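Starting from the known structure of chain B, fit chain D onto it as the hints suggest.
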Amino acid sequence: MKLTDAFSYAFGAIRLRKLRAALTTLGVVIGIAAVVALLSLGQGFQDAITVQLQRGFAVDTLIVTPRSEMGMGTTEQSGFYLLVNDTEQIINNVPEVKTVVAVIQRAGYIKAGNISEMVTIVGVNFTEYMKIYSTFSAEMGKIPLNPSNDTVILGARVADPWENNTLICGINDSVELLWTVRENHIPVNVSYTFYVAAILEEIGGFGFGGPSDRSVYIPISTAVDLFGDKCNQIIVQLKDSKEETINTASEKIRELFGDQVSVISSTAILNTVETVFSTVKIFLAGIAGISLLVAGIGIMNIMIVSVMERTREIGILKALGAKNRTIMLIFISEAVLIGLIGSTLGIGFGILMARVFSRFGFAGFGGRPGMEATGTTAMTIVPVLTPITLIGALAFGILVSVLFGLYPAWRAAKLKPVEALRYE
Amino acid sequence: MKPVVETVNLKKTYMLGRVPVHALRGVNLKVYPGDFIAVLGPSGSGKSTLLNLIGALDKPTEGEVIIDGIDISTLNEDQLAELRRKIGFVFQFFNLIPRLSALENVELPLAIAGVVKSERRKRAMELLKIVGLEDRMKHKPTELSGGEQQRVAIARALVNNPRYLLMDEPTGNIDSKTAAEIMKLVKKLNEEEGVTIILVTHNQFVANQAKRVVHIVDGVLREENT
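Chains B and D, in that order, are what the protein sequence lines are.
Following this note's numbering, the numbering of the first sequence begins with 1 at its first residue and continues without gaps.
Following this note's numbering, the numbering of the second sequence begins with 1 at its first residue and continues without gaps.
Calculated directly from the structure, the hints in this document are not laboratory data.
These numbers were taken from a predicted model, which means no experiment stands behind them.
The hints are all genuine.
No farther apart than 25 Å at their CA atoms in a straight line, the calculated lysine-lysine pairs in the PhoX-like style are these: (1) D/K138 with B/K18; (2) D/K187 with D/K129; (3) B/K18 with D/K140; (4) B/K242 with B/K252.
The shape of chain B in the complex, shown without the other chains (with noise of 0.2 Å):
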């Protein structure tokens, strides 16, 4: 028999029993939305991570840090200091790298007129990390190139903390910047005063190593003087983002300062955290993907039936003929059928159920609690269909089908002729 013969008999088969194979269908479709959906938003939302990751990441920076530190705690017990000037022996020693920073990181607070905020007080040379970092650019103001030492820059939530564009200050107003230091272990409170010269456009994003919305920016001298030479971090920008490049510069910094520092690259870092998507999103799927073993029990369960209904008509087509793998054929047409019909549907749904998620599932996600999200800080996660969801998908469902369907279409398969024919 030939392929489309046996798809157009198996067709009208289904047909001929619509409720049923409706039903029988229904499975697969949620099977395969489920999958869709799941999938759709794990990349939408790893899509969405990663653009959030690099808004604050330059891909052709490293990192470098005290290598006891990390990122978090202090230094004081290992001895090892990173110091503003060691920025020279770095790009002396160097040659893959195009532009230093030493950054200097404090907790500290903001007073402009009764309105108090935490922000982290940074350090760092304006010229510089201008270059590295796009989005460190003025909104209002101007980032001055020579900034005098009362200079002070402000993160966009900074001076707008309840994102209703009402400003805690205005450009050249003065404010207050405190912390607290540790005389003889007591705490004292320090404050020194600022005149704003510039607010930085919203940046989003999580502003690993780049300029963050909840920063405010000194420069790198008044840092100093105020805070010692100590810095936590140096920002390394090589001349280009070649994997080879940055591993060789990483290497050679790292043996500059002894082996007591950490070297850290923003690709790895995105890296590291897309593997972690692939593999959440996997585990998704797999999860949707147990509602498909239930959708391929549920055909199995109905092909086992139509064939034990059907003995006759197999018998006849035997006696006109018909081989073993021709009635094979005719069975798994049917369950071809069913898998792309539900696996199609499937889809259709899945997308749809993706949007409706991503609406209201996750709206608000990414903004503060307690404050109503807004289009611009809330993370909106927008589904994403990759061709290769879509055909897997699609394969996906038939597969399950098809292979649910052979074990009716092989018990058809071996039915006796002459039994066939005599029962009733």
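Then chain D, alone, in the frame of chain B:
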């Protein structure tokens, strides 16, 4: 002349639970091209068993069924299926596929054999014309009378140009007037188209239409007019 089908000391034993049932106890039958043989016998005489064996639907316990010079016990399932394409079957209960039209039912053996659509449609229409159903081709079996259904079944049995036609109580399920018409058609097919026919029945009238009648009693054949 070589027989189209021949049985040599054919025996078939079924197990009914633990009791062996000897349905055929050594049947010798030769059917030549152009023959019209009626096998007449009461129910339980073994006539359906005989029909299944010479239709290559079943294999003998002992003895041989030789179709076109080939002993069917030597064939595997696929070869038996291909052999059945050279045999036309007509059943008591028509055995048409209910969801297919008359035309599609007649086309079915050709579709199974892999003949292309245009060709098998042409051939099926020819056959439906021969059995007098050219104006009922689009009808489903449920929309046809018993006699018409059996005509469709006969057209289906002949569509592959079979070596011989096997009929199992072809008039067993239709009224006597229609039965007479069907038998007229069968006789005509034998006389005018030269179709070789083996017919199994318990009806004396139907058997009388054949050129040769053999009786089957308790799994053994007895010739009526040799």
